[in-house]
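Participant: Sequence:
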Amino acid sequence: MKILVINCGSSSLKYQILDMDGDNLMAKGLVERIGMEGSVITHKRLGNDAWVNEVPMNDHKEAIKQVLDALTDPTHGVVKSMEEIDAVGHRVVHAGEKYASSVLITEDVMKALEECVELAPLHNPPNLIGIKACQELMPGTPMVGVFDTAFHQTMPPESYIYAIPYKYYEKYGIRRYGFHGTSHKYVAERASEMLNCNLDDLKLITCHLGNGASVSAIKRGKCVDTSMGFTPLEGLVMGTRSGDIDPAIITYIRKKENLPSGAVNEILNKESGVLGISGVSSDFRDIEAAAEEGNERAQLALKVFVHKVRFYIGAYIAEMNGVDAIVFTAGVGENAPNMRDLICHDLGNLGIKIDLVKNKVRGKETIISRDDSPVKILLIPTNEEYMIARDTEELVEKLKVKK
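The sequence shown begins at 137 in this note's numbering and counts up by one.
In case anyone wonders, no lab produced these hints; they're calculated from the structure.
Keep in mind that the hints are not guaranteed to be accurate.
[As the list claims (entries may be wrong)] Straight line, CA to CA, 25 Å or less: simulated DSS-like cross-link-like pairs of lysine-lysine:
no., residue 1, residue 2
1, Lys201, Lys138
2, Lys268, Lys534
3, Lys216, Lys180
4, Lys180, Lys500
Using the sequences provided together with the hints, build the complete structure.
Facilitator: Dropping the structure here:
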């Protein structure tokens, strides 16, 4: 079974085509800086050099078109037409409490996801665009939605209930959901294999650090806490998102600036984070470059980001009564040695000792802690697409059996 996986992020799009008979990757690619200057697609067919094309992509719909063109290109592609694809698996960020596991996408599912747009304004819209674009170009091909929230459904009530009137949870499902679930699940499973330990015997802290970022506490293979909340806005400082703030700030800014309803939410989601602090960019690479040139606000943005990651690591060590390994993944986690060093710096009393030489690596699955470090530090490139493909294959196979 050949499965195309579409993973639309807030400013990026990852994709893969996998032949699930043997779990063979046929091609993969990455679209970066969507809606920004310098947007680019990097496409790689298995066994060939990467093909890079810098082309303006103002939104995710244009990015999807570039992806499908690359997949069917006579020189760089791997299929003659999209009819060769048996199913498409889509990463979907938020489904509220409507779906706690992956589902075949129907009209009712699409309506439910559209209702959840206000819960994930940066992600659900591009997720939906990706689904609709594929439906138009591949009519009749099964589409599966795999939700970021599913892995976090094992959190106990004390981790997901907010201290607001309980009726709001009962009426509207206001609770912590958590996101990046497929990524946290994947790297947790890989960590257990790398450490040659049963996942059920491990306490892990997984750090998915990118334009969107979250940290999860995973005990005996189950998520017990995570930094993102009711929406992807809570938790760490991110590319354009504020992360944790005093909720009174919202009404204060709105009053002072005389803003209309919803404007502050827009500011916190799209104008805040490291972009808001630095005034430079939401891309950590741009901010690091500016910081190296002496830009004090860029330097401050990086320090605030690091501080918040360390804060959650410390909290989760306390919550789980220890940790066996810390995992770094996603764009920043995988490709920013300096950021990993800053996050782990001076945590020796917690048993966390990073090896500065081993840490000089990007995008490679490896252990970067010192040999004498009680807590192992792992770099694991995430593979959300493979996890999505697994769920997609399982659901489509069940559909075939029913028929």
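Participant: If a hint holds in the structure, say so; if it doesn't, say that too.
Facilitator: Hints and how they fare:
1. Lys201 with Lys138: Holds: Lys201 and Lys138 sit about 20 Å apart, inside 25 Å.
2. Lys268 with Lys534: With Cα atoms ~23 Å apart, Lys268 and Lys534 stay inside 25 Å; holds.
3. Lys216 with Lys180: Distance of about 16 Å is within 25 Å: holds.
4. Lys180 with Lys500: holds (17 Å)
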